[in-house]
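Using the sequences provided together with the hints, build the complete structure.
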Amino acid sequence: MVNLTIDGKQVEVDEGSTILQAAKKAGARVPTLCFHPVIEPYAACRVCVVEVAFRGKNDLLTSCNTKAEEGMDVRTASERALRARRLNVEMLLARAPAAEPLREIAKELGIEKTRFPVKDPDEKCILCGLCVRACEQIVGACAISFIERGTDRHVSTPFGEESEACIGCTACAHFCPTGAITVEDKYGRKVIHDEMYLGPTTAIRVPTRQAVPMVPFIDKEACIHFKTGECKVCAKVCDRDAVNHEMEDTIQEIEAGSIIIASGFKTFDARRIPAYGYGRFPNIITAMEFERLVNASGPTGGKVLLANGEEPKAVGIIHCVGSRDENYHAYCSRVCCMYSLKFAHLLGEKTKATIYDFYIDMRCFGKGYEEFYHRLLKEGTKFVRGRVSEITTLALTEKEEGKLIIRVEDTLLGAVRRIAVDMAILAVGMEPSIDHNRLAKTFNISCSQDTFFLERHPKLAPVSSFSDGIFLAGTCQGPKDIPDTVAQAGAAAAEALALADLGKVELEPITAVIDDKLCSGCQICVGLCPFTAITYKKDEGHSEINDALCKGCGTCVAACPSGASYQKHFRDEQIFAEIEGIFLI
Amino acid sequence: MNQEHFEPRLIGFLCNWCSYTGADLAGTARMVYAPNIRIIRVMCTGRVDPQFVLKAFREGADGVLISGCHPGDCHYQEGNYKAMRRHKLLSKVLEQFGIEKERFRLEWVSASEGTKFQQVCNEFTEQIRGLGPLNLNGNKGEHHEQRQA
Amino acid sequence: MAEKETQKTYRMHLMICAGTGCVSNHSYEVKEALEKELRKHGLENEVVVVPTGCNGFCERGPILVVQPGNIFYQQLSVKDVPHLVEEHFLKGRPVAKLMYSPPETKQPVPVLNDIPFFNKQVLIALRNRGLIDPEKIEESIAHDGYKAMVKALSEMKPEKIIAEITLSGLRGRGGAGFPTGLKWQLVRNAMSTNGGQKYIVCNGDEGDPGAFMDRSILEADPHSVIEGMVIGAKAIGATAGFIYVRNEYPLAVERLSIALKQARDYGLLGQDILGTGFDFDIQIKRGAGAFVCGEETALIASIEGRLGEPRPRPPYPAQSGLWGKPTCINNVETWANVPTIINRGAKWYAGIGTKTSKGTKVFSLVGKINNTGLVEVPMGITLREIIYDIGGGIPGGKAFKAVQTGGPSGGCIPKEKIDLPIDYESLSEAGSMMGSGGMVIMDEDTCMVDVARYFLTFTQDESCGKCTPCREGTKAMLEILTKITEGKGTPEDLTLLEDLAPAIKDTALCGLGKTAPNPVLTTLRYFRNEYETHIQNKKCPAHVCRPLNVYTIDPGLCLSQGHGCDVCRRNCSSEAIAGQKNEAHAIFQDKCIKCGVCYDVCAFGAVKVD
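Residue numbers (the working numbering), protein chains in the order written: chain A, 1 to 585; chain B, 586 to 734; chain C, 735 to 1344.
Hint data in this document are derived by calculation from the structure and do not stem from the laboratory. A quick note: this is a predicted structure, and the numbers were derived from the prediction, not measured. One should not assume that every hint holds.
For lysine-lysine, the following PhoX-like pairs were computed, each having C-alpha atoms within a straight-line distance of at most 20 angstroms [unchecked claim]:
{"hint": "1", "chain 1": "A", "residue 1": "Lys382", "chain 2": "A", "residue 2": "Lys352"}
{"hint": "2", "chain 1": "C", "residue 1": "Lys1272", "chain 2": "C", "residue 2": "Lys1315"}
{"hint": "3", "chain 1": "C", "residue 1": "Lys1248", "chain 2": "A", "residue 2": "Lys57"}
{"hint": "4", "chain 1": "A", "residue 1": "Lys350", "chain 2": "A", "residue 2": "Lys303"}
{"hint": "5", "chain 1": "A", "residue 1": "Lys403", "chain 2": "A", "residue 2": "Lys352"}
{"hint": "6", "chain 1": "A", "residue 1": "Lys67", "chain 2": "A", "residue 2": "Lys57"}
{"hint": "7", "chain 1": "A", "residue 1": "Lys119", "chain 2": "C", "residue 2": "Lys1248"}
{"hint": "8", "chain 1": "A", "residue 1": "Lys57", "chain 2": "C", "residue 2": "Lys1222"}
{"hint": "9", "chain 1": "C", "residue 1": "Lys870", "chain 2": "C", "residue 2": "Lys742"}
Written out as structure tokens, the structure reads:
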């Protein structure tokens, strides 16, 4: 521990602490500009200078990088320190008058106006080098640096061209205290829509809202540490030492009596329908993006805004995007009608926009759904019956200029209409989840024609698969809404519990048996059995089938040259009789 | 023996998990297909002993269909591959006996492919109708015809 | 081959200066002409021409010293050669008209040591200048080169070497004057992380305007620096060294490369030097022209391949230098002093100089002085001795006004302090510094505000821009000084300047910024009245700041002396002069742009400036 005096106050700090840390502990405020706690001190702005009496010398030292030492007498606001600090701030103010943190410090120090000539009143860069150091120390990319010297010094990429070393992490902009660095949006989508994108936003996040457990994780794909080996800022700032970059993925094997598959769905990718312009035109968003937009904790705080930050005057909701369409999915996704109606209602609540709802058929089959539809009819939503053919920005009239034009055949009017809106919401349908096929292979589950998992029987066994002990729940089995999913999941759980409750497994009665009197011990069957249920008893000179392992496929029976193997209920004689029987009639 | 009134008799060995369910689906979906096929359910196409096919032909079948899960989809992992191997060999043997190999057919029909089952049955029936009766056991065909009449 | 050539004896050695100054005055052409002429007379086996490093008396180049006899010839040209060869080398009659004649006596002085420029100098760092061919290691060895190294490697323990250097009182010649022995001790004691590697660095990034002693040493005697570094390496336990030299010194780089190669060939560098089991090798790193890279932390960054900008100290390079290893950085001149100290003993060395500053210092004399050149003088010598005795006084009989020492980081010392004995302490007391040894002499025609502005232009341009006070402060000071020299200064400007200078000195990150206000501070201290005259009277007493001048033509003189020669009118670019031949001319003040051309072209002194 080190004892020193800060403004006459005794403080004790850890060995290796800086004067700045000691001053903070003593409650003395020392302004800083080029300092950031997770980046090595740079001591360039010289705003944090304090007067230090130590070993008979009286010096002005930068507190951000000078180590506190036993017996130092520090005065953070001595006349000499203040004069130097003011002058440095005043000079910086002439360079970067638009830098907000600098102006605040200037105000604090009582500087109203700089006496030095101001070159650019909009300049924000104070040359603190945080961006350069973040890129080097945090990111490890070294994509930017200072170039030129003296007053010409500025931050730049090599030769001022696009830097190949830049990994686009935006750490420079993040660490810039004055907002002098902005990130260029290269994808034509504006900031709020960028945030609506549901993909990875930060490397550390909770997987989804309302995730269980509610614990953040590090996304290796997005984490800078796993790209460059540097950074680890999260570990530096975590007081609980909870961040561990060395953790590896582990594969856990769990023995289970039964499995419930509830692998869910993904939404239809609206880019697959080019005519709807998603990803090409701004202000065309999918239902999920709209959900984020209206969410009170979303990017706009729940306000429905266009890319330019204005409120839309007309909004179109397009039903059946990807559903009920032979080109994409023939099935009805079952939920889109109802959530579209909800959107229309929310839009009416939050905006003054005219709301158009383009539907093919209104499918309001659930409890209270039809009533909700009627409520919206009364609320004034304009329902247009017909499939939208395209969304375009090609204006034919002056009124359409700058709008999205929805072309649709109104089947009630029997006419093709062009409806200009500011925002279009695509009610995308459901598709099996990304790893659906892999799951089907793993669990040997058949799929129905719509590619969702096939249940054992649509009426009698709607939650079972063809394999014993494997049950289906939710949208992996077919599109359904939340109440249906909850009901099916409950049923699947009950089925699984029933198996567990029984405490024993009932064997199929169709297993194969080897008649040891006939068996010659050729062992052809042993190699054929996919379940390794057959063992050859060397001592006894014949093979034997384990009833518990045998699934009753009968492959061994068909292959047995001596007719020693037979399958219960599918004996050769029985099948011969069946064949004969057929020809009796 | 009147070619025009010939109604082939076909026997289908269908696996319990895919094709039999597929056939069931065709039924529940009330799809109409040729009534010439008689189905024998086995747990797996791997159970289909070559004897069954021979027996079927001997008893008077004009064609035999074996139908199971698509490759890789077998409920018993690989029974359908075994059936495929046996089908190849048996076809050669049948040719030696003078039975056209077209009369012995292997098809993959999954549980969801009701339409495919319908299509396979119709196609197979028409194909055998084109080939004419096998006549291993002549009366049976006539008997059938008489019954039809 | 080389050995044989060296051993060959000649009747006469012609030591021709091949320093940068003389080379640019065509000394190589003179050398070729000499060799040609000698061959013509069949003297090639009797007389040899030897190119040497800088002789120091650059004002008088190209210089030729004839040995034996130490006969000094100056300002030679190719056309002087035939006469010289025939008279002196063939007939043995030295040529008086090619010798140096002091302006006072006008009597030719034949022998070098009798010339006042040389006879007050004490040569330690420059001991071999003009005596050896720097491109031949044998000649260096013949002049005791590497003798000290042999002694240090075979007879002395590291502690003993450090003790010797400490006792000698040698202080860093780079400017700050940190005791060299202490620095070596610190590096020796520093614990090096992973692997125990330590480094030796020679700082040859000499950037001060008007300073060229490091260049001269590297060009005249590169072996003395290499030898010093090996001794230092042994003392601190380093196995690798770097010489950081400006790329603007191509001759120094070339001679260093040759010297390093020769030393390696002789087993004086590299693995197992002289069989003592000591390994050490040196690499040359060339600087890219940034003045700030002379600052040790910036220099380290530059060697490491990073942006050449300083970082805060501590940690000092002695603790964490090159690649985080303890590093000993010394200036070229410091290294060159080391072998002599080991050879002749610390006591002998400590006997030269003052109480706190021992030994000698090399200064480059430039500016308004007769004998421009490089001098090595003992510490404690007075400015008067340097300027008048060695330097030969101010040309044109003008009055001495001030001397600027220490380059752009130093300050101006006024004529009142001409009897100041020079050492580290006295100079900093006077507000200046030793620096690397630049000495710019100024006469009465010098405007001190303009001098301060000139040095600020340099530091402002060379500031790396990392810290606020240096980057913004030097610019702010320069702007104020420019305003004052343009006659736009206000009393508030002077207050702001007096505010700025100490604050910059107080808060700048590195030596460059900390010393940048020195020219302003010293001129304000000693010549405040000049600033005030500029601001209040809008006049420049030395008439240097042209915007403040008022040019008039004395009609009487114009007519009586020049008969209205009309030269001024023809040269005036703004048509501000009226008159014609045989008439008195006059200047229209409203049109005059104060370029001063009329004043410069008038041969009769009729144009007056006020």
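Verification of the supplied hints:
Between the alpha carbons of Lys382 (chain A) and Lys352 (chain A) the distance comes to roughly 14 angstroms, so the proposed pair stays at or under 20 angstroms and holds. A threshold of 20 angstroms between alpha carbons decides the hint, and for Lys1272 (chain C) with Lys1315 (chain C) the separation of about 34 angstroms lies outside it, so the pair is violated. Taken as a hint, the Lys1248 (chain C) and Lys57 (chain A) pair is honoured in the structure, with Cα atoms around 17 angstroms apart against an allowance of 20 angstroms. With a CA separation close to 7 angstroms, the supplied pair Lys350 (chain A) and Lys303 (chain A) stays within the 20 angstroms bound.
For the hint pairing Lys403 (chain A) with Lys352 (chain A), the CA-to-CA distance comes to about 17 angstroms; that is within 20 angstroms, so the pair holds. The straight-line distance between the Cα atoms of Lys67 (chain A) and Lys57 (chain A) is roughly 16 angstroms, inside the 20 angstroms bound, and the hint therefore holds. As the CA atoms of Lys119 (chain A) and Lys1248 (chain C) are separated by approximately 25 angstroms, the hinted pair breaks the 20 angstroms bound. For a cut-off of 20 angstroms, the pair hint linking Lys57 (chain A) to Lys1222 (chain C) is broken: about 40 angstroms separates their Cα positions.
At most 20 angstroms may separate the alpha-carbon atoms for a hinted pair to count; Lys870 (chain C) and Lys742 (chain C) meet this at roughly 14 angstroms.
Comparing the model with each numbered hint stated earlier shows that hints 2, 7 and 8 do not hold.
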